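Kindly generate the complete structure, drawing on both the sequences and the hints.
Number of protein chains: 2
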Amino acid sequence: MTGPLGIVAGGGPLPRRLVEHCLSTGRGAFVVAIEGHTEAATVEGVDHLWTRLGQTEAAIQALKQAGAKELVMVGPVKRPSMTELRPDRSAFKFLAKVGFRSLGDDGLLGAVVKALEEEGFTIRGVDELLGDLLVGEGCFGVVEPDELAQHDIQRGIAVVHAMGAADVGQATVVQDGIVLGVEAVEGTDALLERCGPLRRDGPGGVLVKLSKPGQERRADLPTIGVETVERAAAAGLRGIAIEAGGTLVVDAPAVSAAADRAGLFIIGISIGSHAATP
Amino acid sequence: MTGPLGIVAGGGPLPRRLVEHCLSTGRGAFVVAIEGHTEAATVEGVDHLWTRLGQTEAAIQALKQAGAKELVMVGPVKRPSMTELRPDRSAFKFLAKVGFRSLGDDGLLGAVVKALEEEGFTIRGVDELLGDLLVGEGCFGVVEPDELAQHDIQRGIAVVHAMGAADVGQATVVQDGIVLGVEAVEGTDALLERCGPLRRDGPGGVLVKLSKPGQERRADLPTIGVETVERAAAAGLRGIAIEAGGTLVVDAPAVSAAADRAGLFIIGISIGSHAATP
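Protein sequences appear in the order of chains A and B.
Taking the numbering used here, I'd label the letters of the first sequence as residues 1 to 278.
Taking the numbering used here, I'd label the letters of the second sequence as residues 1 to 278.
Hint data in this document are derived by calculation from the structure and do not stem from the laboratory.
Model, not experiment: these values are computed from the prediction.
Be aware that one or more of the hints could be misleading.
Intra- or inter-copy, both count: the list cannot distinguish identical chains.
Unchecked claim - Computed cross-link-like contacts, SDA-like style, restricted to lysine to any residue with a CA-CA straight-line distance of at most 20 Å: (1) K93 / L148; (2) K97 / E147; (3) K114 / S270; (4) K97 / C139; (5) K78 / G202; (6) K97 / D189.
See below:
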């Protein structure tokens, strides 16, 4: 028996889903909740510790005392500056060792995963436990991308992959070949919001959201949900392209219904078969 | 004698500077002003034609009639969608030939330059005519970047170059290793504005604005001016890094004074000596 699942919970609804899964299967869970990131509802009715980023010693000790041997990191965590982090001794040693300032987001998460493994934990991806989250190939709802949208998807793939080479961002918005926006730390919601006013006349753009090449999949898979669809529609987009096997969808039936309501397409694409040419 | 200079004028103050240069040297100029892009002051007291993007035939004819043999494209032009463009027959043929939708911004500008050359014009860079615009190496004002800022500059170079590989953007804001924002079509002003609220505690970030590798230098060099410095200061940044020989500075003495007033550094860096490792 592996004991309760240790859940390092970032923001959004996904951590709560995982908690409920663990409670309903009787496995149980211990949640490390992060001040300013984790939603309060995530820890309702489950053992947990509120902590802040940078306080790693207490969190690791609490997970061990709870008997958690397997860990899942789930939900977005806004990357802090060194000043905000106020690292404890153990966190500071870790950050100095991995070279905090020279690492990209994914490089940093990869280092965190490795450090937790060295503490004796087994790190698993949230998609291993909630198997219905990973997107498959094909369209979600009734709308399908036309030829122009397919072009924009191709251009978006090339842009996200180019960004990925510098370990930045997972998403872009492309309209008629024009890159309206590229996501950095502001997140997809903010990207969509600013692309509304940047929209050109003519057929609307496409949100392309993919995992980075070589991304640490156990720590940070790109995620969309109903809100993403609604924001995309509000920004005048025509559709969303996500990565089959590389993007998580929270509540796929609701996402599919929201896409149909808004007249948007949502398509899971296999990146292997869509070789990107910048 | 090469006749009056043909000036295809985008936005900002730089086209007017070039007009004044041509008038004061007695060479004269003919300006193609673009509706919605060119400032009204640009064409005061100089022969010109107002046109819209997509109306290339009339513009080329007017330039030829004015006796312009040399052309300069100067000032930013927001890239339109095909629908907004409403191309005339000649523009449509051109766009179909170059593959409008699959080209990045710079690819498109390069194609425009080539097409104008095929019309018999010689295309020159604005920096060839206004020689004091190109940035040299070193600091503009009294403030210099510290070690942390140097780190952020390095990360910024890697990010802009990665973006450049997909022919997107020229600028990024990096704070303490965190990429706060990446520029697409919204422009540097909008990038700086949104990076203000994204700012983390601790020493402020750095704006890095460079030409893209392989950029068509005669059509679109990145530019900063006093307003860029003021917006960077308002966003809580500590400095600006630009490319020696690759970025234009409008009114360098005023930019230098603005930097000193705001306590910001502005440094011209030689990219060759700052090899970027993503």
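Checking each numbered hint in turn, tell me which of them this model violates, lowest number first. The structure breaks hints 3, 4, 6; every other hint is satisfied.
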